[in-house]
Amino acid sequence: MVYESIRKKRLLTGLATAISIVHLIPFYILITTSLKAKGDFSSKWIFPSNWSWSNFQEAWIMADLGNALWNTTIITFVSALLLIFIGSMAAYPLARRKTKLNRFIFMLFIAIMVIPPLTALVPLYQLVVDIGMMNTHEIAILNNVAAYISLTVFLYSGFIRSTIPKELEEAARIDGAGTLAIFFRVVFPLLKPVTASILIISCVFIWNDYQFAIFFLQAEEVQTLTVALSGFFGQNSNNLNLVAAAAIVAMLPMVLLFLFLQKYFIKGLSSGSIKG
Amino acid sequence: MNSFKRKKFQSSFRSSLWWMYAPAVLLVCIFILYPFGKGIFISFTNWNGFSQTFDYIGLDQYKRMLADSDTWLVVKNTLIYGIGSTLFQNIVGLLYALLLNQSIKMKAFTRTVVYLPVIISPLIMGYIWYFFFAYQGGALNDVLLLLGLDKINSLGNPDMNIWIIVFVNTYQFVGIAMIIYLAGLQSIPRDFYEAAQIDGSTPWQQFKNITLPLLMPSITINMVINIIGGLKLFDIVIALTGGGPGNASQSMSTFMYDLYFSRQDAGYAATQGVLMAIIILILSITALVFFKRKEVEA
Numbered sequence: 001m002v003y004e005s006i007r008k009k010r011l012l013t014g015l016a017t018a019i020s021i022v023h024l025i026p027f028y029i030l031i032t033t034s035l036k037a038k039g040d041f042s043s044k045w046i047f048p049s050n051w052s053w054s055n056f057q058e059a060w061i062m063a064d065l066g067n068a069l070w071n072t073t074i075i076t077f078v079s080a081l082l083l084i085f086i087g088s089m090a091a092y093p094l095a096r097r098k099t100k101l102n103r104f105i106f107m108l109f110i111a112i113m114v115i116p117p118l119t120a121l122v123p124l125y126q127l128v129v130d131i132g133m134m135n136t137h138e139i140a141i142l143n144n145v146a147a148y149i150s151l152t153v154f155l156y157s158g159f160i161r162s163t164i165p166k167e168l169e170e171a172a173r174i175d176g177a178g179t180l181a182i183f184f185r186v187v188f189p190l191l192k193p194v195t196a197s198i199l200i201i202s203c204v205f206i207w208n209d210y211q212f213a214i215f216f217l218q219a220e221e222v223q224t225l226t227v228a229l230s231g232f233f234g235q236n237s238n239n240l241n242l243v244a245a246a247a248i249v250a251m252l253p254m255v256l257l258f259l260f261l262q263k264y265f266i267k268g269l270s271s272g273s274i275k276g
Numbered sequence: 001m002n003s004f005k006r007k008k009f010q011s012s013f014r015s016s017l018w019w020m021y022a023p024a025v026l027l028v029c030i031f032i033l034y035p036f037g038k039g040i041f042i043s044f045t046n047w048n049g050f051s052q053t054f055d056y057i058g059l060d061q062y063k064r065m066l067a068d069s070d071t072w073l074v075v076k077n078t079l080i081y082g083i084g085s086t087l088f089q090n091i092v093g094l095l096y097a098l099l100l101n102q103s104i105k106m107k108a109f110t111r112t113v114v115y116l117p118v119i120i121s122p123l124i125m126g127y128i129w130y131f132f133f134a135y136q137g138g139a140l141n142d143v144l145l146l147l148g149l150d151k152i153n154s155l156g157n158p159d160m161n162i163w164i165i166v167f168v169n170t171y172q173f174v175g176i177a178m179i180i181y182l183a184g185l186q187s188i189p190r191d192f193y194e195a196a197q198i199d200g201s202t203p204w205q206q207f208k209n210i211t212l213p214l215l216m217p218s219i220t221i222n223m224v225i226n227i228i229g230g231l232k233l234f235d236i237v238i239a240l241t242g243g244g245p246g247n248a249s250q251s252m253s254t255f256m257y258d259l260y261f262s263r264q265d266a267g268y269a270a271t272q273g274v275l276m277a278i279i280i281l282i283l284s285i286t287a288l289v290f291f292k293r294k295e296v297e298a
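Quick mapping for you: the protein sequence lines, in order, are chains A and B. In terms of this note's numbering, the first sequence has 51 at position 51, counting the first letter as 1, and numbering is strictly consecutive. In terms of this note's numbering, the second sequence has 224 at position 224, counting the first letter as 1, and numbering is strictly consecutive.
Source of the hints: derived by calculation from the structure; they are not laboratory data. Note that the coordinates shown come from a computational prediction; the quantities given were computed from them, not determined experimentally. Be aware that one or more of the hints could be misleading.
Simulated crosslink set (DSSO-like; lysine-lysine; CA at most 30 Å straight-line) [unchecked claim]:
1. B/Lys105 / A/Lys263
2. B/Lys294 / B/Lys76
3. A/Lys8 / B/Lys105
4. A/Lys267 / B/Lys107
5. A/Lys9 / B/Lys105
6. B/Lys294 / B/Lys208
7. B/Lys107 / A/Lys192
8. A/Lys263 / B/Lys107
9. B/Lys208 / A/Lys8
10. B/Lys292 / A/Lys100
11. A/Lys98 / B/Lys292
12. B/Lys107 / A/Lys8
13. B/Lys292 / A/Lys267
14. B/Lys151 / A/Lys38
15. A/Lys267 / B/Lys208
16. A/Lys9 / B/Lys208
17. B/Lys107 / A/Lys9
18. A/Lys267 / B/Lys105
19. B/Lys38 / A/Lys100
20. B/Lys294 / A/Lys267
Kindly generate the complete structure, drawing on both the sequences and the hints.
See below:
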């Protein structure tokens, strides 16, 4: 009986190891590719004997990755901050004041979650051209906030309804606090767990966004990492070593953040878990 | 409106605290609802995407869409992407969750490895797998050559590249399904299994009669988010095949992008956008209602 369970455990551990190895194959291929010199046509399975770090340097300069990294960072963080500010504020009355108007607005946010952003692409593109905001950080930020605000409002209002006791707000009101003061001093600090989830979800989605960026950020100086990378791939599809190096640079910040904050990432993404 | 009703309305309006959600509503109206509505209008025109003038042509774009064999090819691909990846992600995700819910050594590491691709951009993930499947110097062909077989042009072959895209999408997002199933498994009380063991039920019976019914809420979430994600597939297609050869691996998203930007056929692109919205709406609501009903039965 005991031996049998030990054998079963070994089998399951073996299975888990095999799954890990299979899932790591693409990363292995990516690393070997990025480290090989230009003329090295050996198989991607073979680890290079001489590591050619110059690919990273060359890709960094050629694809202007420093600039792209900066643009992506700015767009991601400003969008996420706005999402949290505007979204939490919007969720509060929708969770607490059940007027007819508020019920309608809440339904509106739910309905919008089902609209695929791309179906509005043609007129949205035109709108952006008309208001002269093509190739600006601002338009990328506004688009991202609009795209994820419904999800944000949905998560915040669910959290407020299920976990924040009404009595706290009533007590604050008796003490003479106005609605804004109640929201920012009493309610918002209690929203920390869901705020962390929303921060993580929106940062992952927006950092990785390609759909909006490719439409609205085509000029080199405002390019984000994904756009810079896709352009770079187009010009260097014969030199995959360079593309692999650029891909590693582009994904490194998120991967490092993930490895440090794993627990929060997994909790955050699964508690909101809606893919972009 | 009499004065009593008006007062009631005014106080209900005031207590709605509308100004708190006004910025969010404004953003959604400008950047989602207005373009979505205008998209429906444009789908009835022959607009090319840049000229100042366009003609209202009634249902012509819709007739054209229904008669266009590309439409049906692209819809078929999109359904394969949506339904195919949903099935694979859920089956594999559930198996992984069942395995990694056991107390074994590699548990934490394997979870991290399976989850890692979720946070990487789908575009980059597409490029990474391109290195694997590429015809020239791809890792897959190296293996085939080593085995004495011929190289295959898997990304250029319309019968294969669709399924490669499903595979890559599954690989990338199976971590989300796994984590949601793990959370679901951990919420099932242990005593249920202990009682079942005393009654002498087999592991399969336990799975069928305890695990699966109690996991139904996790199944609903996974089905709905995976189907929406799969039907919207864009980045992975762009990175792996660019929608080609021809339109062979085009998804509705990439097809629309192509129609608008490369072929200056904005009116028609908008019509395809309307079709895409309808398909996503129908399938996601069907999945939601179908699995929600199962939850009640459980």
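Against the structure, the hints:
1. Between B/Lys105 and A/Lys263 the CA atoms are separated by roughly 18 Å; this keeps the pair inside 30 Å, and the hint holds.
2. The hinted pair formed by B/Lys294 and B/Lys76 meets the criterion: a straight-line CA distance of about 28 Å does not exceed 30 Å.
3. Restraint check for A/Lys8 and B/Lys105: satisfied, since their Cα atoms lie roughly 13 Å apart, inside the 30 Å limit.
4. Proposed proximity of A/Lys267 and B/Lys107 is supported: the alpha carbons are some 17 Å apart, at most 30 Å.
5. With a C-alpha separation of about 9 Å, the suggested pair A/Lys9 and B/Lys105 falls inside the 30 Å cut-off, and the hint holds.
6. With a CA separation close to 14 Å, the supplied pair B/Lys294 and B/Lys208 stays within the 30 Å bound.
7. Proximity of B/Lys107 to A/Lys192 is assessed by CA-CA distance (about 29 Å); at most 30 Å being required, the pair is judged to hold.
8. The straight-line distance between the Cα atoms of A/Lys263 and B/Lys107 is roughly 14 Å, inside the 30 Å bound, and the hint therefore holds.
9. Of the pairs offered as hints, the one joining B/Lys208 and A/Lys8 holds, with about 21 Å between alpha carbons and a cut-off of 30 Å not exceeded.
10. For a cut-off of 30 Å, the pair hint linking B/Lys292 to A/Lys100 stands: about 27 Å separates their Cα positions.
11. With a CA separation close to 25 Å, the supplied pair A/Lys98 and B/Lys292 stays within the 30 Å bound.
12. Under the criterion of a C-alpha separation no larger than 30 Å, the hint pairing B/Lys107 with A/Lys8 is consistent with the structure, at around 15 Å.
13. For the hint linking B/Lys292 to A/Lys267, the alpha-carbon distance of about 24 Å falls within 30 Å, and the restraint holds.
14. Straight-line distance between C-alpha atoms of B/Lys151 and A/Lys38 comes to about 22 Å, which keeps the hinted pair within the 30 Å bound.
15. For the hint linking A/Lys267 to B/Lys208, the alpha-carbon distance of about 27 Å falls within 30 Å, and the restraint holds.
16. A C-alpha spacing of about 22 Å is found between A/Lys9 and B/Lys208, which places the hinted pair at or below 30 Å, so the restraint holds.
17. Of the supplied pair hints, the one linking B/Lys107 and A/Lys9 holds, its CA atoms being roughly 12 Å apart against a limit of 30 Å.
18. Distance check on the hinted pair: A/Lys267 and B/Lys105 sit about 21 Å apart at the alpha-carbon level, within 30 Å; holds.
19. Taking the CA atoms of B/Lys38 and A/Lys100, the gap is near 27 Å; set against the 30 Å cutoff, the hint holds.
20. Among the hinted pairs, B/Lys294 with A/Lys267 is consistent with the structure: their alpha-carbon atoms are about 26 Å apart, no more than 30 Å.
In this structure, none of the earlier numbered hints is contradicted; all agree with it.
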